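Please put together the full structure from these sequences, using the hints given.
So the sequence shown is residues 1 to 390, counted in the numbering used here.
Quick caveat, the hints were computed from the structure, so don't treat them as lab data.
The structure displayed is predicted, hence computed values, not measured ones.
Certain hints may be false.
Said to hold, decoys possible - Cut-off 16 Å, straight-line C-alpha distance, at most; resulting in silico cross-link-like pairs (EDC-like, lysine to aspartate or glutamate):
| hint | residue 1 | residue 2 |
| --- | --- | --- |
| 1 | Lys373 | Glu347 |
| 2 | Lys263 | Glu95 |
| 3 | Lys373 | Glu331 |
| 4 | Lys299 | Glu275 |
| 5 | Lys299 | Asp326 |
| 6 | Lys336 | Asp258 |
| 7 | Lys318 | Asp362 |
| 8 | Lys257 | Glu331 |
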Amino acid sequence: MPTPGEHKTVQSRILAYAEAIGWTVVPRRQAEQRRGFAPTSSPTESATSTALYFVDLLEAKVREFNPAYSDESGALLRWLRQFQATIHGNLDFVELLRNRGTFVDQAEQRERDLILIDYDDTSRPPEAWRNSYEVTEEWAFHNGHYSTLEDVVFLINGIPVLVIECKNADKQEAIALGVDQIRRYHQETPELFISQQLFTATDAIGFSYGVSWNTVRRNLFSWKHEQIGNLEAKVQSFCAIPQLLGFLQHYIVFAEKDEELNKYILRQHQVSAVEAVLERALCPSRTRGLIWHTQGSGKTYTMIKAAELLFRLPAADKPTVLLMIDRNELEDQMLKNLAALGLGNVEHASSIARLNQLLASDYRGIIVTMIHKFRDMPAELNTRPNIYVL
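Quick look at the structure:
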């Protein structure tokens with residue numbers, strides 16, 4: 001639980017920095033009222049019965065973004081409460097946040113996509129934003145067994161998506177202590193991490209970040225900014241609304257390894273690489289490019305995410321994206337990771353003949369193959385300009 005010193009030196013500064021870039025600060029008491037805290041109950045009793053969302057705002061946004069949505073008030077919250085407090089439940093919730101859920105249009109008796117977040121806000125001026133961006137502090141929750149008090153929580157349309165744990169810089173291993181608290185929250189109150197996707201820990205100098213359900217030290221990263229040690233610069237770059245929307249929409253990845261689901265976030269150099277690939281792919285005058293990755297720097301996920309986003313990109317006009325692998329074991333892993341993205345258009349060209357067949361038939365989608373499968377391929381097999389090889 002944060003001490004007054006932590007709040008004064010770090011927490012309040014983060015709220016001020018966030019407000020300066022477009023987040024609306026919701027005072028703690030107001031946030032508790034919106035979550036349904038009972039004013040006459042003890043803090044523990046209130047935190048036990050409270051909602052994990054700003055329900056009124058969330059329902060209002062669902063009805064605004066989905067005019068055909070007609071479920072009774074409260075139905076949405078009952079549905080959200082059915083999500084498991086596990087990494088699998090978190091994956092299901094990410095799909096919702098990416099607008100891949102559905103609801104039944106009762107008037108037309110058909111399924112429609114359920115829109116929770118309008119990602120086009122990234123191309124709008126702040127005065128035209130359709131989403132609601134809010135930040136609050138000391139987010140209390142009690143699940144009947146354990147109590148949690150998160151320092152700073154960021155919400156989009158009433159949904160908590162990011163938590164920041166604050167520590168004083170005068171504590172030894174301050175950031176490690178903050179991460180330990182996040183780890184404990186996962187163990188004791190995992191319900192919080194059904195919707196929360198990212199976390200950071202800061203001591204006002206360092207700023208480490210990661211994704212929920214993965215608090216392993218090797219998957220925690222230091223947010224880099226040219227103004228080293230500047231908390232304001234780090235908060236305002238990491239928590240910038242376009243940046244956070246990008247994380248949620250694109251740069252959180254789930255993948256299976258040894259039959260266990262894992263969650264990762266692309267690091268800054270990986271995001272830069274993906275965006276460079278997309279920019280070069282759409283450039284009519286430059287048809288080649290080189291991304292240099294050192295061993296262990298995440299080139300597989302960079303490649304997967306670049307392929308996915310290139311395939312989904314409207315400007316690419318339903319392209320063919322070839323992922324060229326040099327080892328059998330990488331090929332198998334690549335196919336599993338692509339399956340976790342939920343893409344329907346993925347083919348495995350396991351032979352020279354199959355690769356030739358896919359290209360000759362003008363297949364649109366992602367093709368996973370190995371470099372030697374290109375042997376003896378006819379030069380003019382398919383000359384369509386939106387075929388990309390990664």
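For each hint, the structure was consulted:
Between Lys373 and Glu347, the direct Cα distance comes to roughly 14 Å. Compliance with the 16 Å bound is thereby established for this hinted pair. For the suggested pair Lys263 and Glu95, the alpha carbons sit about 13 Å apart, so the restraint of at most 16 Å is met. Our distance criterion of 16 Å between C-alpha atoms is met by Lys373 and Glu331, whose separation comes to about 13 Å. In summary, the hint linking Lys299 to Glu275 is supported, as the alpha carbons are separated by about 14 Å, within the 16 Å threshold.
Taken as a hint, the Lys299 and Asp326 pair is honoured in the structure, with Cα atoms around 13 Å apart against an allowance of 16 Å. At roughly 11 Å between alpha-carbon atoms, Lys336 and Asp258 fall within 16 Å of each other, so this suggested pair holds. Distance hint between Lys318 and Asp362 is fulfilled; the C-alpha atoms sit about 11 Å from each other, no more than 16 Å. For the suggested pair Lys257 and Glu331, the alpha carbons sit about 14 Å apart, so the restraint of at most 16 Å is met.
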